[in-house]
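K.L.:
Dock the two chains into a complex; use the hints.
The listed protein sequences correspond, in order, to chains B and X. Residue 481 in this note's numbering sits at position 481 of the first sequence, and the numbers go up by one each step. Just remember that this note's numbering sits 520 ahead of the position in the second sequence, which is counted from 1.
It should be emphasised that the hints constitute simulated quantities derived from the structure, not laboratory data. Where hints are given, some of them may not hold.
Below 20 Å or equal to it, Euclidean Cα-Cα: the simulated SDA-like pairs (lysine to any residue) are [said to hold, decoys possible]: (1) B:Lys302 <-> X:Ile662; (2) X:Lys805 <-> B:Thr488; (3) X:Lys820 <-> B:Ile145; (4) X:Lys805 <-> X:Thr620; (5) B:Lys318 <-> X:Ile662; (6) B:Lys318 <-> X:Asp626; (7) B:Lys265 <-> X:Asp665; (8) B:Lys252 <-> B:Glu71.
Everything numeric in this text was worked out from a predicted model, so none of it was measured.
The lines below spell out each chain.
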Amino acid sequence: MTRRFQNIIIGAGHNGLACAAYLSRAGQSVLVLEASDVIGGAARNRDLAPGVTVSPGAHLLHAMPADLMRELNLSEHDLSLAATDLNTVSLAVNGEAITFDGDTVTGSAVSDADKAAYVRFNKDMHRFTKALGPALEKLAPEIAIETWKQRLDLMGLGWSIRKLGRYHMREFLRIIGMNFYDLLDEYFENPQMKAAIAMDALWGGEWGARSMGSVLTYLYRMAGYARNGDVGIAQPKGGMGAVSAAIAKAAKAAGTDIRTGARVKQILVENDHAVGVELETGERIEADRVISNADPKQTFMKLVSPDHLDTGFVRQIKNLRARGKAGKLHLVLSSAPKFKGVDTVNLGSRMIIAPTMDEIELAFNPSKYKKYPTAPVLEIIMPSVNDESIASDGRHLLSAVVQYLPYDDTPDEEANRTAFLETVLDQLERYAPDIRKQIIEAELLTPRDIEREFGMTGGHWHHVELVFETFLFNRPIPALSRHTSPITDLYLCGAGCHPGGNVMGIAGRNAAQLILKGGK
Amino acid sequence: MTSIITNNERPLSERPILETPFYPSYKHLIQNDNYEEWAGYTTLASFADVGQEYFSVRNTCGVYDLCPMIKYDICGIDAERYMNRLITRNVKKLLPKRVTYTVWCDDKGHIIEDGTVFRLSATEFRLCCADRQIDWLMDCAIGYDLVITEVTDAIVGLAVQGPVSCKILKKTGFDGVEKLKIFQLESFSLNGYEVMVSRTGFTGDLGYELWTNAINAADLWETLFKAGKPHGIRMIGSEALDMLRIEAGLIMVDVEFMSCFHTVKYDRNRTPFELGLDWVVDMNKGHFIGRRALVEARQKGLKNKLVGIDIDWNKRADGALIYNSENCERQIGEVTSALWSPILKQNIALAYLDAPYFEGNNDMWVEVYMHRECKWEREVYKCRVTEKPFYNPDRKKLTPPLDL
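The following block holds chain X by itself, in its conformation from the complex (with noise of 0.2 Å):
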């Protein structure tokens, strides 16, 4: 028997856009009122400038809000064997206290989200991801015992992240946070209050995050920003945080893919495999939703797959073509995400290319689109297919982090 609990007195579409927990906090840096919705709820693209909200998470320490976080609670003796099948990972490796990044398939193996899975104990989990699952998870509940519960508005989530971040959040007052290994959790006592502390993020660089219950919010930003002061901290935007996860070769749901259940060219269905993923589907821990159709898919092979890719000049080749020629006779794939990363110094991208050219082809065209003092310019550049992620700086992984 599993029971639901979603604590939306009303339904989400008669909901007005909230503000986080977070927003009275940090509302006085806001300088461009540049807003944008995610899940119900006003968020950030960025709060001034840009360029400066990117480079406090490579240089010191950013802050991006994750408070509109999809986020599920479930729990019950059924909750390990109900984790293992709903996604492509193995969660009985998944030890308590430990986070995992993976995906979730449905029968024909096609991706419906990506996300994370936090499991707090041996019969409690946290599923954490960008948008609304509740009736697949309901659906996925048949026949288990568990209670599912939707956190989203309950648990407030901060995301501090770059090379100062460690320091930070120990003169906050998390001792021992230090000895975080990535993908580790922890919970911590602050100011008479418990927050979960995560060594996880979404910019490849060093960062945490920090979970408590909303009624936390304010205290928990005050005391952090307080200490964060002298070393640069700084709240960023979704514009930033997208520059740092291509540079980390992160994919994004509408961006990289599209949600099974949100296209309607079934074409557009992507599989683990195509999103080069595979190193998250266990395809040995017994079976999982999808299995037997990646069982398929993986016999057949892939007709396209994303691959990182790396462009000659300059320019940002957001939504380009690419060609097996610079004459472009015949394409062979697109990008998803562009990027001049401005740590690399390289134009970087996200691609999809067809089979055999994602292999690894260095005779590959990108033709892009300019906007040039008020006329559209073609321009055809010369790229290859390059290692991902484009930055994995040392600091990401290593355990203490420098005491900067």
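Extracted from the complex, chain B is given alone in its bound form (with noise of 0.2 Å):
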């Protein structure tokens, strides 16, 4: 006997589940549907090689909020951090790496003015995040001042502004709109720190260091380490996986049902209600509502048919930005490796190669004309440093965020991909000059290899570009901003939502806290 589901949540990462065991402990039946053979989404865990583990999306834990954590239990469902408050260290080829460590920068090459300038910095984005924080975990305000709520949640926001005082609410506005490279120009001298700096805006996005409103991003960075208590840059203990195995854990426990292999090919619309699923397979599941948690893209222009949307509607969703520019570099070494300034102790921390603002703005722009950049980016994280479990047998992975990629659709793309590793081993033998020889095993995800894995459109971290325009009550679109749709009891749980990816689980929670409170 097939039995009825209050709520079909579409895809098991880590905001489906959230959502999932929020209304699993409130007392719904959730049914989980994903379509791959593991659960997690781009929070997930898979071999490499025999004995090493690689999460092959997210390779971090910097956004998730303590509360949401505490309040699923995360660690009574083995979840434990391998390593927290990671330092960042920005590699130069000379040696001259620059440790970023709290409010405290090291380096050789750092002058004492912007060591004092970096403390001075961090005040102020701090100050900052603190009025923007708020807005980044509730619901999206309403761009609309018809009940009280409505207006009360704009002047939330308002004052949360406002309070910084005048001149800080005036330096708010100034920059809020403005792009970091500016920014970071009127704090800082040294070229290599300001591009270390820069790239906690850049990264997934299409968007570089000049790019208007990466300010803002850089504050919706920095409001993810506000908001996850003391953690900081952690790593989870047997990687990101593990993050969503402990949340689809707690929703166990609370009664979610979870499916995994179990493709949803539409999401299927009575009288404008959605009343259900249909699986690959012809399996019809029916359910009180459908909660999507796969990106706008997919939910609208995929798994819902255009019979029952607008073409107003249509045309928004396509015209959505979500063109990843991020790939993966993950490379099982034979042994550590070594980087030129970087002791044993900082191997563990991410380390980050960006020399120049400039040199992040020439890597980025051939990407937006389909070509690769000759000389890359990167976010290197040695995991089984961290963590044993990681690599057995002595050998260590290597996991790297690689920008700026194009989405290549080209008949080329094997040839491309093949080509660019080398590119990127390239760029990574001029900081560690031994790596090449301690490979064992490279693989290279482009954004359109994620976008094969994890099945987010265009490969695309944050489902759908996070900048300026795409904020709040505009994310993804203002039809959408409030986890609702036009059509009634299809929800949205994903980072398509506001307020974002990285993994964070907040949407996936205020679009569970949202439907218990009754939906509009």
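P.N.:
Shown next as structure tokens:
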């Protein structure tokens, strides 16, 4: 006998699982349908080689709210952190690495003025993050002032900015739409230092340091640190899959059913209501409501028939930007690599290859024209240094985010990937001269590969570009900014919604809370 | 996957104004060079005397050149689903070889255009309208498998309207045309080529529209006019057509409503309900574009609505404002189209009235400005809401038509 569920959630990514956990804990019946054979979405594990576990999507945890982890008892569900508060080390070809540790920045090339400016910079950014932060945890405010609730929501956001005080409010409003390149020029003189900080505004997106609104995306990242307790940039024990596994355990403990290998073909709509889903196998499962953790483009251009949608709406969805520019590099190494200027203590840090902000722009430019950069920028971690369970037999795993790659749908995709892997290794070799000799296994995932593996349109981490015009009530489009959709009982709970991507689970939690309050 | 075929060798903006394929045939009838441009073609506002042209349709047979009418062929396995979402009427109820009048709306339920949909077969439709729609049709096609072809230049059309139109068509060679019911279409063979005849029109009278490939234009015109000559057939221009459509209570884009793509002021957008077109909106057929907004609009109720009014006295009330009292205290509406109807001997107009006046009101006053011997004068006449269409002869629907 088929059991009827109140909720079907499409996609067992961390947001879908978080949404399921919250709904189940409130007594609702939930069925999570996952297309692939493993749960976790972009926060998952897989074996790269026997005995080597890689996190092929996200590889660090830095934005999940401490209260969410507490509410779902993730530590009781076997989530532990192998390392917290990772330092950031900006690598240099000449060995003059710069280390960022809290407010302290060290490095032979860093002037005293820059060291002082870094303290001041962090203080300013934390102040602004605090003003923005609450809005990035709650439901997006509505652009309407018809009810007192709507007025208060908007006033709350306005007030949190106003209460910065006259000077800082003006400063906030001056910089919020600005590009990060210019702002960093105002604070610092060391080009390598500026580039390392700049990249924290740029990971995953289709934008460079000179792009408008990159200050906002930096604050977005800072807001993640602010809400995650004292965890900072953390590495979960056992890989990012452990995060999803813990949320899944919490959900299951509360009664959620999870089915893997169940690819949804379409969302069934009757009389303007979502009534269930049809799987690729032809199986139909009915439910009171359907919650899609798939990105908005997939949800509305593939899973819902246009018969149920208005053309202006479809046009907005079609024109959403979802062109991921981040690739992933995974190397199995025979032994610990040696990076210039990095001692063994810092090998477990987050290492950045981004010599100057101009070189970031130069790496970004070709990707706009479907070409690969000659000197990519990288965020490198060595998960096996902090967590021995990642690689056995003394081997090591190097995991790196590589930017900027085009979404390559040309016939030369294979050859381009092979050639670009060499480009990336050449770049690595400049900073770790012996690394090629240590490579046992190498894998490069392009945005297109990421789309194939995780199902996110365009291989975009954030599902939909996370820029100024797709923030708050505009994310992904105004009509979808509060998890509801034009079709009654069809909800969104993924990174395409406010507040956006990174492994944080807020969109899933907000969607669940909205549904529990009765929808609208 | 949808493909779009427009057959325009160069951008329309660079194209000179064209003569229609019928132009060489009727050129000799043009007496007053009263031309106007319509969708890239020259058309005639009148050939000679507007009154005679008007009366040819009401008394004998008038012919209007429809070539510039924008025509899209929408074909494919998804065509029915596509059309059903595009327009407000239920396409599933539209059988092959039938035509329907409809409007289509944007997401907000505001009218983009009105026009006619010809269902040529289960999977083939032709959409006819006054303005080009290709961007909208393309965006509507996202997610559908069909081919949209603009056939405006390829297919020519003649509207043959009036009490003896059926007789003339029979004499032209369309055997069995009298069996066509209103809004029905059929293909005929004439002099070795195919002509599609639909019992449709914009005059509120008995009438047909003939459609064929552009290369047959000259022969079709010659054959038709040869057969019609003894029966008083006459070319008519758009001025006469405008009189006829007002009597028939038919609305016109840019007169009764603006396409929501062309409005600047948001409150100028119109829902079908405001135009009194509830009967073309099937709210129960499932989703169509703008439906959710229209459900909301219907709940909110109408602020104003287009109705027919009948005005005392005989001066045309073009563009006149309507008031609640004789001393014009409060404006309650305005006239969009006005006519002193020659056949009804009545001063009629289409007008927007505010709620609740459109429900029916006998105590309204219309303010008319008149230019009399180089002096502007203002008159206030009483008017009342009246039934539309103003003129609705039985012969419009009678099948077979009377053999006059």
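K.L.:
Hints first: check each against the structure and report whether it holds.
P.N.:
So, going through the hints one by one against the coordinates:
1. B:Lys302 <-> X:Ile662: holds (11 Å)
2. X:Lys805 <-> B:Thr488: holds (17 Å)
3. X:Lys820 <-> B:Ile145: Given that 20 Å is the threshold and the Cα spacing comes to 19 Å, the pair holds.
4. X:Lys805 <-> X:Thr620: OK: Lys805 (chain X) and Thr620 (chain X) at ~16 Å, within 20 Å.
5. B:Lys318 <-> X:Ile662: holds (9 Å)
6. B:Lys318 <-> X:Asp626: holds (17 Å)
7. B:Lys265 <-> X:Asp665: holds (18 Å)
8. B:Lys252 <-> B:Glu71: holds (15 Å)
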